[in-house]
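K.L.:
In order, the protein sequence lines correspond to chains B and D. If you read the first sequence in the working numbering, its first letter stands for residue 47, the second for the next number, and so on. If you read the second sequence in the working numbering, its first letter stands for residue 47, the second for the next number, and so on.
Simulated from the structure, these hints should not be mistaken for laboratory data. Check each hint, because a few of them may be wrong.
Which copy? The list can't say, so a pair holds if one copy fits it or any two copies do.
Straight-line distance between alpha carbons at most 35 Å, and here's what the computed DSBU-like set of lysine-lysine pairs gives [claimed, not checked]: (1) Lys81 <-> Lys188; (2) Lys98 <-> Lys199; (3) Lys81 <-> Lys205; (4) Lys98 <-> Lys205; (5) Lys81 <-> Lys199.
Below, each chain spelled out in residue letters.
There are 2 protein chains.
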Amino acid sequence: MSGLNQSFSRQTPEEDDQQRLVCNHCGFVNYENPKIVVGSVATWEDQILLCKRAIEPRIGYWTLPAGYLEQHESPQCGARREAWEEARAQLEIDQLLATYAITRISQVQLIYRARLQTPEVSAGPESQEVGLFKWEEIPWDKLAFPSVLWSLKHFRETKDQPVFAPRQQSDAD
Amino acid sequence: MSGLNQSFSRQTPEEDDQQRLVCNHCGFVNYENPKIVVGSVATWEDQILLCKRAIEPRIGYWTLPAGYLEQHESPQCGARREAWEEARAQLEIDQLLATYAITRISQVQLIYRARLQTPEVSAGPESQEVGLFKWEEIPWDKLAFPSVLWSLKHFRETKDQPVFAPRQQSDAD
Numbered sequence: 047m048s049g050l051n052q053s054f055s056r057q058t059p060e061e062d063d064q065q066r067l068v069c070n071h072c073g074f075v076n077y078e079n080p081k082i083v084v085g086s087v088a089t090w091e092d093q094i095l096l097c098k099r100a101i102e103p104r105i106g107y108w109t110l111p112a113g114y115l116e117q118h119e120s121p122q123c124g125a126r127r128e129a130w131e132e133a134r135a136q137l138e139i140d141q142l143l144a145t146y147a148i149t150r151i152s153q154v155q156l157i158y159r160a161r162l163q164t165p166e167v168s169a170g171p172e173s174q175e176v177g178l179f180k181w182e183e184i185p186w187d188k189l190a191f192p193s194v195l196w197s198l199k200h201f202r203e204t205k206d207q208p209v210f211a212p213r214q215q216s217d218a219d
Numbered sequence: 047m048s049g050l051n052q053s054f055s056r057q058t059p060e061e062d063d064q065q066r067l068v069c070n071h072c073g074f075v076n077y078e079n080p081k082i083v084v085g086s087v088a089t090w091e092d093q094i095l096l097c098k099r100a101i102e103p104r105i106g107y108w109t110l111p112a113g114y115l116e117q118h119e120s121p122q123c124g125a126r127r128e129a130w131e132e133a134r135a136q137l138e139i140d141q142l143l144a145t146y147a148i149t150r151i152s153q154v155q156l157i158y159r160a161r162l163q164t165p166e167v168s169a170g171p172e173s174q175e176v177g178l179f180k181w182e183e184i185p186w187d188k189l190a191f192p193s194v195l196w197s198l199k200h201f202r203e204t205k206d207q208p209v210f211a212p213r214q215q216s217d218a219d
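Please model the entire structure based on the sequences and the hints provided.
P.N.:
Structure below.
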C-alpha cells in the first residue's frame with residue numbers, strides 16, 4: 047500500500063455536530079467509532095488458557111484469546127473464533143464475565159467465561175505458544191495488558207457463581 | 047457534501063486476509079467494524095421512559111433512549127448521554143441488562159438497567175415526545191425496533207432480581 051495519495055483533514059460534515067476526518071481528494075468521510083474486542087477466560091478443569099503473543103504490541107507476553115469482532119458476527123461467535131485462531135481451542139461460551147472500556151483508544155471489550163470442550167490446544171499464527179495454567183502457575187509478571195489482569199481477577203471472583211452481574215472496569219476508573 | 051469524487055472497490059490489502067473497501071483515488075482503506083449502540087431501560091417508580099422518534103428510521107415510533115457510542119466514551123457514559131440528548135433525562139446506571147447482536151447490520155447493543163434521578167423528562171431534538179409508561183400503557187404496536195421489545199421483555203424478567211446474568215439475543219436466533 048505504498049505510493050498513496052492520502053490527505054485527510056478534520057472538517058464538520060453537513061448535518062453533523064462533530065469534526066470528522068474527511069479526504070481532501072475524494073470527500074470520503076471517515077466516521078471513527080469505538081471498536082469491539084471479544085475474548086474469553088476459558089478453562090479446562092482448574093486450568094486457564096493463555097496465549098503468548100507472536101505479534102506486536104506486547105510480543106512475547108501472555109494474553110487471553112481475544113481480538114476484534116468482525117462484521118456480521120455476534121460477540122459470542124467472535125470469542126469462539128478468536129480462541130480457535132490463536133489457540134486452536136474449541137469453546138463453549140458460558141456467560142459474559144465483564145465489559146471493559148479502554149477509552150484512551152476507544153475500545154470496548156466483551157470478555158466471556160467459557161469452557162474448553164477438549165484440553166487439546168496449540169499455537170495459531172498469532173501465538174508463540176499456548177498453555178493451560180493453574181492459578182498459581184499464571185505468569186503474572188508477563189501479562190500483556192491490564193485488561194488481562196482484570197479478566198483473571200474477575201474470573202476468580204465469580205468462578206463459583208452460576209449467576210452474577212458482569213464486572214465493569216474502565217481505564218478511567 | 048455534494049460533488050464528491052468517491053469511488054471505492056473491494057480489494058485485499060497487503061498483510062490482510064479479507065477484502066476491504068479501498069478508495070480508487072487515494073488508496074484509503076476503509077476498515078469496517080461493528081458499531082456499538084448503548085441504551086437503557088430507565089425507570090421512575092413503576093414507569094419506563096420511552097421516546098417517540100423524530101428522525102428516520104421509524105419516525106413516529108417509540109424507542110428506548112439509545113444511540114451510537116462515541117469515541118473515547120465508556121458504554122455507561124454513552125447510555126447516560128443518549129438519555130440526556132433524547133429525553134433530557136438524568137440516569138443512574140444500575141447494571142447491564144442485555145447484549146444484542148444485530149448481525150445483519152453489524153451492530154452490537156449494550157442495554158443497561160437504569161433509574162431516573164428525577165421524573166422530569168422532555169423531548170430532545172431527536173424526539174417528537176417522551177413519556178413515562180406503566181407496563182400496561184406501553185404502546186406495544188408502535189415500538190420502533192425488535193430490540194426495543196426484547197429489552198422490555200428482558201427488563202420485565204429481571205426487574206425484581208438484584209443480580210442476574212445479562213440476557214443475550216441475536217437477529218440470527
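K.L.:
Take the hints in turn and mark each one as holding or not.
P.N.:
The hints, checked one at a time:
In this assembly of identical chains, Lys81 and Lys188 lie within 35 Å of each other by CA distance both inside one copy and across copies; the values are 25 Å within and 32 Å between. Taking the shortest alpha-carbon separations for Lys98 and Lys199, only the intra-copy value of 19 Å comes in at or below 35 Å, while the best inter-copy value is 42 Å. Taking the shortest alpha-carbon separations for Lys81 and Lys205, both the intra-copy value of 28 Å and the inter-copy value of 30 Å come in at or below 35 Å. With identical chains, the CA atoms of Lys98 and Lys205 are at most 35 Å apart within one copy only, with a shortest distance of 23 Å there and 42 Å across copies.
Taking the shortest alpha-carbon separations for Lys81 and Lys199, both the intra-copy value of 23 Å and the inter-copy value of 28 Å come in at or below 35 Å.
The structure fails none of the hints (numbered hints given earlier).
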